[in-house]
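Got chain E; can you put chain W on it based on the hints?
2 protein chains.
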Amino acid sequence: MPHISHKGLELPQSAIRKLVPFADAAKERGVHVYHLNIGQPDIETPAGALEALSVKAHEMAKNHGVLEYSHSAGIPSARRALCNYYHRHGIDVTPNQIIITTGGSEALQMAFTVCLNPGDEIIIPEPYYTNYNTFASLCGAKIVTVPSDIKTGFALPPMDEFEKYITPYTRAIMICNPNNPTGYLYTHEELLKVAGLVKKYDLFLFADEVYREFCYDGNKHFSVMQLEGLERNTILFDSVSKRYSACGARVGCLVTRNSEVYATAMRLAQARLSPPSFGQFFTEAAVDTPQDYFNKVQKEYVARRNVIVEGVNKIPGCFCPMPKGAFYTVIDLPVEDSDHFCQWLLTDFSYNGATVMLAPATGFYVNPELGRHQARITYCLNINDLKAAMKCLEEALKVYPGRLPVAKKAAAKKPAAKKKAPAKKK
Amino acid sequence: MPHISHKGLELPQSAIRKLVPFADAAKERGVHVYHLNIGQPDIETPAGALEALSVKAHEMAKNHGVLEYSHSAGIPSARRALCNYYHRHGIDVTPNQIIITTGGSEALQMAFTVCLNPGDEIIIPEPYYTNYNTFASLCGAKIVTVPSDIKTGFALPPMDEFEKYITPYTRAIMICNPNNPTGYLYTHEELLKVAGLVKKYDLFLFADEVYREFCYDGNKHFSVMQLEGLERNTILFDSVSKRYSACGARVGCLVTRNSEVYATAMRLAQARLSPPSFGQFFTEAAVDTPQDYFNKVQKEYVARRNVIVEGVNKIPGCFCPMPKGAFYTVIDLPVEDSDHFCQWLLTDFSYNGATVMLAPATGFYVNPELGRHQARITYCLNINDLKAAMKCLEEALKVYPGRLPVAKKAAAKKPAAKKKAPAKKK
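Respectively, the protein sequence lines represent chains E and W.
Sequential numbering from 3 applies to the first sequence in our numbering.
Sequential numbering from 3 applies to the second sequence in our numbering.
The following block holds chain E by itself, in its conformation from the complex (with noise of 0.2 Å):
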């Protein structure tokens, strides 16, 4: 038969799937599995928008109606509710800065596609959200990373530190904010700091702000749209679909003030013909949900967080920072190996017939070492269900083989705290 390309051999394999197959089992035999993996939230699609869809299928039916092509950069009443919401978030933007993509994802795809030739280099903090790298790897470009801590909840690395890895391919900095799968809340402060170094080294800045409205404890968030003197460099990536936990809707979209990136991203646009009318259709309507939803949501969001955060800090040898947005915390376990903790809990382990499903950190890093004693959690369930899945944690460590005792879990760890950047680029 003929070959695979290179490009698809090269793909990598979802790190967050891989534990699948033995989560079936474990429900297979009757296990309970909380699912503290997957960034799938709970929360209500705002029920207007879903009805402003309804409305809109039905009259199509019964004007006899065609489904026509939208405008391949979206909708122009679309783009313009957009703006509008831009707008109320101190974000100035026009029509003709915005392109209406199928998810976020798409928006990344495009960007990635416009600005990076092979061999360039995107620089992420890390631990970063993994689909980066298929986007990355698509169009030949490489992810370097600059390590954060766990120690400062994961905060931006110092410039200096950034400074390190910049090469004459570094493209790109790339800042998810907040943050998945950290949960960090990047301030006014760190984005001036990221700012500079994109001017001094004349480099794009890429921007996952798909979780703007989940922030917590009165912090703002501040978006690098709001930066100034950086109008050419900055692309935004955002999600209608997230943000109105409507992920299915696939409906996203990527602005920039770069009119030369925006011609060119259209090409894209226009060769792909245009993105879905439906979850258009709702997006239009969704933007217009009142505050009053986003505060429900936020405030059942930080008891959730409340509940991870206090629950994984009372077992012996673990840590959770405080996250301050997003819906995701990256932990510290005292385990050898989050890999096989994660699958052990899954095969080997219940509590009152239940157990928890992890992200191991591990695929969050470009060096899986750094996530060796972590997971990611993502707090995506009832109250109920959190308290009862932080319970089975708590017990499944008192039984694990692989736990480490708190003082070789320290030791365990210098290696990787210590690893120097230029060690890195190898």
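Bear in mind the hints are in silico, worked out from the structure with no lab data behind them.
Glycine included, C-beta positions come from ideal geometry on N, C-alpha and C.
Honestly, I wouldn't trust all of these hints.
Stated by the list, open to error - Over the 10 Å line for every Cβ pair with chain E, so calculated as not near, a few chain W residues: (1) G32; (2) P160; (3) D290; (4) Q300; (5) V304; (6) V311; (7) E312; (8) M324; (9) W346; (10) D350; (11) D387.
Stated by the list, open to error - Straight-line Cα separation of at most 35 Å, DSBU-like style, residue types lysine-lysine; simulated pairs: (12) K298(E) with K64(W); (13) K64(W) with K301(E); (14) K301(E) with K153(E); (15) K64(E) with K389(W).
Below, chain W alone, put in the same frame as chain E:
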């Protein structure tokens, strides 16, 4: 500012869109433009499928539902529904041989990425659907064309013509059936010949069959999926949204029995998380649209096609073959330069306050010279508009300054017809 990528700079501009600003200007002047240039059907979207989506969205709103990510390959019940559809068309596939995509475009992009290395060649009969260029360009592959001839209605060129173009870099043969832009419907015999070549050289066979339901005059569609012994070679691209006149729904699929291609495409599918759910809800209902819907649609398109074929052929110096499928045809025009003529129609001509917009065929050939005297016509307007458009074309050719005398035109065509394969390959 940081530079656009080489790939970005090389992205082809859509040939069909080049004239849009001239059409807009004509409309500004109050001239009515008959759009024979775009494949946006005016046929009613099946009301039952729209209504099913409407009900689903309404129930979700009423029940505080969550629109979750679907399976990355598509909702299992939607894939089963597609299997039933294919079974009714003599194509037996399983849900695990289908990946639901965002329109046929994403299916194309996935398959090209999975199968083609930089420098690889795809052989396609020309004229061909221009957007293939973008997806080939994205993976550094090259489209190599075998000219088909308007005199045969653009039938499959002889296999020894194809064979002249096969090199060590040839990785695939691609067939669009029924064809966009020619409307040609490949016969069972022609496809068997292609199959022989695909087997002989162990190539991929890419087939774009999005117009499967649009076959006329009692002709039956024969799918590449019905070719025996090519299970590991064949990849089908399909479009639910195009089939059911719901272009904006953006639902297509990739179908293959090659498990390695499927598994690799699934990695891409997982990286972009899932296809749009609303469109999939529509799809599940749409595939149950009664056959009567297509009978009516076919009857309508046959009537429209006949208006075009008769209208064009009665204009001195023009020629239109008799297409058997899709809603396109490529016609011969007695003009020096169809790009100039199509632009002139918009900038300098009107008849009874109207003009006609055609797609110059130069954009459908690798060597634009081959399309210099041709244009693509789509018949997506109602009969009366099509008749008025034909009258416009007739009147325009009476006064167009770049019109060729019939004898001269025949001479001008000769060099193109004589062009030899070896010269082309340089």
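Outcome of the hint check:
no.: 1; hint: G32; verdict: 23 Å, holds
no.: 2; hint: P160; verdict: 23 Å, holds
no.: 3; hint: D290; verdict: 15 Å, holds
no.: 4; hint: Q300; verdict: 17 Å, holds
no.: 5; hint: V304; verdict: 20 Å, holds
no.: 6; hint: V311; verdict: 25 Å, holds
no.: 7; hint: E312; verdict: 26 Å, holds
no.: 8; hint: M324; verdict: 27 Å, holds
no.: 9; hint: W346; verdict: 24 Å, holds
no.: 10; hint: D350; verdict: 27 Å, holds
no.: 11; hint: D387; verdict: 15 Å, holds
no.: 12; hint: K298(E) with K64(W); verdict: 19 Å, holds
no.: 13; hint: K64(W) with K301(E); verdict: 23 Å, holds
no.: 14; hint: K301(E) with K153(E); verdict: 26 Å, holds
no.: 15; hint: K64(E) with K389(W); verdict: 29 Å, holds
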